[in-house]
Each structure stands twice: as structure tokens, then as C-alpha cells.
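J.: Model the full assembly from the supplied sequences, consistent with the hints where possible.
Next come the chains, spelled out residue by residue.
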Amino acid sequence: MNGFAVKLLFIAAVCGGCCRQSAATVTPAKFSGPPWFVDVTRESGLDFVHEVGTVRLDHYFMPHLLGSGVAVFDFDNDGKLDIYLVQNGGPKSQATNRLFRQGRDGRFTDVSKGSGLDIVGHGMGVAIGDVNNDGWPDVLVTEYCGIRLFLNNGNGTFREVTAAAGLENPLWATSASFVDYDRDGWLDLVVTNYVDYDPTRKCSRSEGNRPDFCNPNNFAGTVTRLYRNLGRAGASDGKSVRFEDVTLKAGLGLVAGPGLGVVCADFDGDHWPDILVANDAQPNRLWINQRDGTFKEEAALRGIAYNALGQMQGNMGIGLGDVNGDGLFDILVTHLSEETHSLWQQGPRGFFQDRTARAGFVNTQWRGTGFGIVMEDFDHDGALDIAVVNGRVSQSLNSEPASADSFWVPYAERNQMFANDGMGRFQDISLKNEPFCGTAAVWRGLACGDLNDDGGLDLVATAVAGPARIFHNVAPQRGNWLLVRLIDPALGGRDAYGAEITVQADSKRWKRWLNPGSSYLSSNDARTHFGLGSFERVDRIEVLWPDGKEEVFAGRFANQAIVLRKGSGRN
Amino acid sequence: MVTLVNADPNLAQVIEQARTAVKNSPSSAKAWGHLGSVFQAHAFMTEAQVCLAQAMRLDPEDGRWAYLHALYVCQTDPEQGIPALGRAAQLCDGIAAPRLKLGEALLEAGRVEEAEMSFRAVLAYDPNNPRAELGLGRAAYARGDWQESVAHLRRSVARAPGVRATHAVLAEVYQRLGDAKAAQVELGRVAETSDNALWPDPYQEAVGRLKTGIEARLEHAQMLLQQGRAAEAIPLVEELVRSRPDADAVHIAYGRLLLKIAPVRAEAEFRQALALRPTSLSAQTELAQALELQGKYREAADCYRQAVDLKPQDGTVHHRLGLCLQRLGDKEGAIGELRIAVKCKPDLTVAHSNLAELLVENGGFDEAAQHLQDALRLAPADDTARRLLTQIREQATRAPKR
Chain A
55 MNGFAVKLLF
65 IAAVCGGCCR
75 QSAATVTPAK
85 FSGPPWFVDV
95 TRESGLDFVH
105 EVGTVRLDHY
115 FMPHLLGSGV
125 AVFDFDNDGK
135 LDIYLVQNGG
145 PKSQATNRLF
155 RQGRDGRFTD
165 VSKGSGLDIV
175 GHGMGVAIGD
185 VNNDGWPDVL
195 VTEYCGIRLF
205 LNNGNGTFRE
215 VTAAAGLENP
225 LWATSASFVD
235 YDRDGWLDLV
245 VTNYVDYDPT
255 RKCSRSEGNR
265 PDFCNPNNFA
275 GTVTRLYRNL
285 GRAGASDGKS
295 VRFEDVTLKA
305 GLGLVAGPGL
315 GVVCADFDGD
325 HWPDILVAND
335 AQPNRLWINQ
345 RDGTFKEEAA
355 LRGIAYNALG
365 QMQGNMGIGL
375 GDVNGDGLFD
385 ILVTHLSEET
395 HSLWQQGPRG
405 FFQDRTARAG
415 FVNTQWRGTG
425 FGIVMEDFDH
435 DGALDIAVVN
445 GRVSQSLNSE
455 PASADSFWVP
465 YAERNQMFAN
475 DGMGRFQDIS
485 LKNEPFCGTA
495 AVWRGLACGD
505 LNDDGGLDLV
515 ATAVAGPARI
525 FHNVAPQRGN
535 WLLVRLIDPA
545 LGGRDAYGAE
555 ITVQADSKRW
565 KRWLNPGSSY
575 LSSNDARTHF
585 GLGSFERVDR
595 IEVLWPDGKE
605 EVFAGRFANQ
615 AIVLRKGSGR
625 N
Chain B
5 MVTLVNADPN
15 LAQVIEQART
25 AVKNSPSSAK
35 AWGHLGSVFQ
45 AHAFMTEAQV
55 CLAQAMRLDP
65 EDGRWAYLHA
75 LYVCQTDPEQ
85 GIPALGRAAQ
95 LCDGIAAPRL
105 KLGEALLEAG
115 RVEEAEMSFR
125 AVLAYDPNNP
135 RAELGLGRAA
145 YARGDWQESV
155 AHLRRSVARA
165 PGVRATHAVL
175 AEVYQRLGDA
185 KAAQVELGRV
195 AETSDNALWP
205 DPYQEAVGRL
215 KTGIEARLEH
225 AQMLLQQGRA
235 AEAIPLVEEL
245 VRSRPDADAV
255 HIAYGRLLLK
265 IAPVRAEAEF
275 RQALALRPTS
285 LSAQTELAQA
295 LELQGKYREA
305 ADCYRQAVDL
315 KPQDGTVHHR
325 LGLCLQRLGD
335 KEGAIGELRI
345 AVKCKPDLTV
355 AHSNLAELLV
365 ENGGFDEAAQ
375 HLQDALRLAP
385 ADDTARRLLT
395 QIREQATRAP
405 KR
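Quick note, the sequences are listed as chains A and B, same order. For the first sequence, my numbering assigns the number 55 to the initial residue and increments by one for each residue that follows. For the second sequence, my numbering assigns the number 5 to the initial residue and increments by one for each residue that follows.
Possibly wrong hints are sitting among the right ones.
[Unchecked claim] In silico lysine-lysine, PhoX-like type, Cα no more than 25 Å apart, as pairs: (1) Lys303/A / Lys347/B; (2) Lys146/A / Lys134/A; (3) Lys185/B / Lys350/A; (4) Lys134/A / Lys620/A; (5) Lys84/A / Lys486/A; (6) Lys34/B / Lys215/B; (7) Lys303/A / Lys350/A; (8) Lys134/A / Lys84/A; (9) Lys350/A / Lys347/B; (10) Lys185/B / Lys256/A; (11) Lys620/A / Lys565/A; (12) Lys167/A / Lys146/A.
No lab work stands behind these hints, which were simulated from the structure alone.
T.: As C-alpha cells, this is what we get:
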């Protein structure tokens, strides 16, 4: 080492002492509990390691970087949540997507083989929905250059019906969500597509000195696709299901973008579901349902296309929930390490304003490139908290270049967790949560559900080329809770995606919106969860069903999982 | 330490020169600041930060180094970035950029009143500064004062009409004020402005001028071309071809410059690029275009087919291949390719129209009508598609019902 280098290193050491820690360097942090989550992956029996195939240092294949998602759902209707994990090893890989069934003892067993879901490919995301209204949840897998639909046979197996169902999407599909946009009782499908990627293109950081993954701005965006479910009647056999590609007819094909996240909910209060798409480094798009089969893009007009500075950001995952208890849902979108995760609060109805700074997301313990996001009440104090999984998309500025044996290290980051004070202001509690936030990895998918039936929402996270992990909720002094499943017997007893549910205890009201498709490439437990604080019972439950009908259900004691059937309440 | 193995020779040379200057004058703030700036220009941010910090120590009164250093701190640690920018703004008194950046950082941190003070301080000595007006417009927006926000934003737009961010905020504020018409006008302007304009910033511009290497020079040439300054761009790229004949990106860039004016020479450049990197999709498709322009449709189709092998779902390539096959008289083949094109790229209006025309020739009126409808959904003003669709409908009405 020459004298110049020594001097630089000396100065670096001096400077290092005065600089605050950066997520990019993944410097050690002092964690102190008690944590809200513990890692139970090993004892749960979940032995899934994400595959990206052979990494070649001369070939930074972007689909590897986006990772793959996870679904938490009860595929066999036995009352225990199961887990489906997506692989990204490519069509020649031996590593298949894997389905884990949860037994009565809480352990997960790999039941992939012969399930029909044990497929290979450059798998990206997963969406869950009962598309043929038979009461059994079906599975949609998104891939680099494709989507695949699997119908649940009701006996632990699935059959692929992609082509027969009329589904075709040769684009780079990422997140997907089921939504009954025309309110005909059949779940339609929205699929976000990323960029028109050229796999032969080589990109680098700093003038060819260090190869790296390409920036999405190197490629044109692609359209988000919408498929209308024609129901069983549309299928030739009258038993299966048939979709029609209405991307252009509905208007979604008019504006392309590099879509990564999607969430469907009623954004303008007309009781018809709208579609929000998070675009990477481009404005978000909010497709407002015109109630005639078409949509109109209104993200900029409603304040959710850009951040408070009018800038486009690296929009990735989406979380939806009412963070300040005003009865209107708010939106959190995860962003790059150089940006902040942005919180758009709704108010008045249909309008959003970037309240990131007020919410406390500017001065966090560390920053990260966020992907998966869950907004739920982890400690049951009545306010929605936030968990975010992070992982860079370009090598850290402070890292050593990637090498064959440590390829993903320069992309690794730690996760974050935030506690809500009930007014929509968040405290960064990452340092109290070493199990969830302490391990740097290239985290991507995140989904939640009450895996162990104790009322607390647990988390499942995925990482590029790393193990998927289960985190059980052990938040101390948790309050009371209620877990509600909404089903419509007239639709085969399937979950009522698109319903709004309000729980009231005394003068306190909590509102939730039913759709498991949010976060990033992932699908959550379809039940809605309420933290009730000190309330030991709720006085009434109001449901606004997807078709616009309202029902009221009687109050009941807290701390139980209940099922509400459409038609069994009071109008 | 920056490793210059495999680095662009120009870049290596520039860094080495700046390093030598520091070695020769280790107490020179200017030498350290210049080295830091060279590193920053080429995204060696850690090294840049170290050198700029040393320059600040050696000359605490020079605002340049404080500002460039503060920009880095803002990225890695926004909390510390604000005081760093504050110091830089004081040192750079009279130059707006650091104080404007400070105002924006304060705004992002939710410190709206302090941000407004910063923007007003700039307006005190530069009353027409559009970036300061935009900042004040955003600050008023954050306070929910829509009328005041509009007033500032309009002043900003009047002085800098090409800034997308200003139009975006204006559109939303108008909508909130219930003026849907004005909101739509602003939305139209958002769509017209391709990207956010770069605000004047002498310090960052000085860093930008230090950029070297192939990518930087190609970017510069591209910028000249966009500004209609082809006469300046062409010699720049020609010099690159001479100095870096081993870089396929250079041949592709040169070929693109020549494509319309000299397709034969463009073809040669693209072939050279392919010889250097046979798996380059862009070289393959550009070569196909050069051949197409010369009327060599068979060869062009072969090139497009090779491009399809590299990327089977490329809608644009399938579209071009379809058109080549049509020229070669292979109507069925053309229809097949155009069908794939619209599946891969459903928003490619012209592919829908081209497919519809071929389908009509083949008697496939129903499918043609669907594609014409799609073309009109994407481009409602497409009169050709509208006329053809009307013709098809009239034919259908006239046809005897069975």
C-alpha cells in the first residue's frame, strides 16, 4: 500500500468516527429488547432457501434482483395457515416453488411434491383468490415473462389452467391482486408488469469500473394488465373459469410504467374498487373505477403520484391502512435507501398528502431500500404499526465489489419496524427488534397472518438467495384482539375481497379493508385483524360488502377469531 | 481504495492526475477538493467524501467543499445533512443553490417554517428565482394553504415553465380547489415535460464537467443531439470511435447517428459492434433497422429473428419482423409476428393498425375490427384507423346475412 492509500485510509478512519451509521455499510448496531417478534424458522420446520441459479459476475440478470414473494393462506381449509414460497432459479433449475402445510402442532411440512404447485421458473410473485367460487383458494404465480393460474382441487392438489382460462402475459410480471372490479361476484385479476428488459444489456456503476444491475430507467415501462373473470359460464367445460384480457378496453393499457406493487381498494368512496400501482422511479398510477368497466388515471390529481417535493421515487411495495384512526385508509410505499418510505395520508376522502416527515420516517435509525411492507397492529394497542423488509438494488457505495462467493453481500440491508402512537406518528423500534431487524440480507417479500392462532399477527419474509424466515409475534403486554373472516355463502363461501369492516367498542371505531394482496410480490392472510387495546368486547361490527350492501353484526367478546357470513347480520 | 483495473483509460488518467496533485501538495485544499470532485463525478462516493472532508479541514472558509460534502451527508444521514447544508449555505453566501437545497431538505424533514425562511432568504437577493418559488409553493401546500401555494407555483412556472414537479403540484392543488379544468391543463403539461429540469447549480455543474469515460461522453453527445446540435455531436462520437474501437457501445452510438443519413455506414458500425459482442440485442436490432432502410428486407428479417432468439418477448422486434415479412410477401408470417407483437406490447398502437390492415386483406374482419378499436383506444385521433374501421363495419352491414 502506498503512502497515498495510507493517508486516505487514515482520513477515512477519522471521518468514520464522526459519521452516523448508514444502512448501506450495515455497521453493527446495539439492539436491546424486548422484541415484538422472534425467529421461529428452525423450530417451525420451514427449510426454504431462495434460489437464483448460478450467479455469473459478468451477467447481472435483473429478475434475480427482484427476488420472489410468499403467500400465507389456508389452502386445505383446515383452519391452519399454510405457506407458499416462490423460487427464481429459472426454467432449468431443480429448485421448485414450495408449499408448506401447517400441522396441528404448528410445524410446517413440505407438501410440494405432487401438489401441482411445485413448478420451476423465474418466479416473482403470488396472489391468492377463489376464482371459481368453489370455496377453495386458488393460486396465481407471476414470473419473468409469464403468469400461471392454478385451481385448487380441494384435495391438497392444484391443476394449472392458465391457457384454458385465457390468461396470457409474456411481460415481466411482478405483483398481482384479485379484485372484483365489475362487482359481478367473480374475482378479476390485475397483474403489474415491470420493464421491457433487455437481458443482453450490461450496466455498471462508475464508468464501467464496477458491473452492477441495470437501473430501471434504462428500459421502457410496460402496461399493467387487467383480466376480467367471465366465470364458469365463460369456460368451455362450464366448470373451470375463463378470463378476458381487458387491459386496453378498461384503459389500463394507456399508460405504461415499471410496476412493482399493486393494491386494490375503494380510493374515492363510491364503493367500487380502484387500483393503485407503485411504479419504480416513475409516478404511481391510481386507476379510478368509472363503474362502466373502464378506469381513469388520477394519481397526480389525488396527490399520490409524487412525493411532497413533486419528485418521482423508487416505488416498490404498498401498505394500506388507517394509521390515524380517522376512518380513511392511508398508503405507505417503500422506497430506495437514498429516499424515505413515504406515507400518504388520506383526507378529505379521495385525496392524499405526503406526510412522511410528520409521521417520523425521515430520521430513522437507518435507511433501506424497502420492498415488502405490512401495516398491522402488532401490539394490539389499537393503532397500525409497520414492518418493512429492505435490500439494495445497486451495490452499496461503501461496499467492496461483489465477488462470486459473496455476490449478494453488497446488496444486504437490515429491516425496519415502526410503532404507531395512534395519531399516525411512528417511532422507529428497529433497535428493539433484533430478530426481525438485526440480520442484513437482500430481503424482498413480506406477508402476515396469525400462524399460531394466538391472536397476534406473525410475519413471513423472503430474501434473495437466502432462507425464508418466520417471525412469531411475541410483543409484550399485547392488548385485546379480534380476527374476522368475511365470507359470502352465495359466492361459494369465498372471502369477500373488497369488503370494508368497522368494529366499534364504546366510542372507538376501527376500520379495515379486506384484500390480502398488498406488500410486494406477496399475499397475506385474508382475515382482517383488529387490535383492541383494553377493550374486552366490541359493541357492533359493520360490514360494507363488495356489492355495496351494508350489514350490522352483534357485538361480542374480544380475543377470538370469528366468521361473519353475508346475509346473517342486520341490514 | 479505488481500483482502476479495467477502468476506462480516460477515467484512470483523470484520477491519477488528481491523485498526483494531492501527492505533490498534500496541504492544498484545492487539490483535495478537486480529487474529491473527480471521485464524486464518477460515483466513488466514499472516496469523494474523504477527500472533500480533508479539503474542508484545510480550508474551512471555502464553501464549495462544504457544499459538495453536505450533499453526500444528506444522502446517507439526512439529520446531519441539514446542519451541514446550513454551514455550506452560510459559506456560499450569494450563491442560491446551497440555500435552496437547505430549504428543500428542511421541507423534506417537515420543518416547513424554517424551509420557508430559507427560500425567502434566496428571494431577497434573487427575487425571480423559480426554484425558491416552487419551494414556497410546496411549503404552502404542506400547510394546506392552497391559494398561497397556487400563487407561488404560478410565479415559478412563469419563470421556469419546463419543470415537471411544479406542474404536478399545481395540478393537484387546482383539483383540491375544485378547478378540474385547470388541473387537467397542468396534467397535460406534466405529460409534455419529459423530465425534471436541472436547476442551475455552479458547484454541481463543475463536478459534472469532470465526468469522463465513454458513458459520460456518449451522454454528452446524446444531449447535443437532443438540442439539435448534431454538427457538434458527430465529431465527438467520431473521436470516440477512433480512441475506443474496442467498445461496442461506441459503435452503436455512432451507427445511430449515421442511421438516417448514411445507412450503409451505419450498418458497418452495427456489424462492428456485433463482432465485439455477438449477444448484444441493441446491436442486432439496430443492424436490422439499417438493413431495412436499405431495402434489404430478407437480411433484416434474419437479424430480427436473431434478436427474437435473444429476447423472445420483444414486441417492437416482432413488429418490425412482421413488417419485413409483409414486404417479402409472406402475409401469413407477418400476421403471426404482428399478433405476437401486440401480445408482448399491447400499447404499441401502430402494431394494432398494421395487423388490422393485413387481416382485412385476408378477410379477417372481426379480428381486424378488434385491433382497430384497440388502436383507437390508444390513439383516439388516429383517422386512418377510424376510416378503416368504418369501412369494415359498412362491409359487414352490406354483406348478406346467412
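J.: Which earlier hints can't be squared with this structure?
T.: 2, 8 and 10
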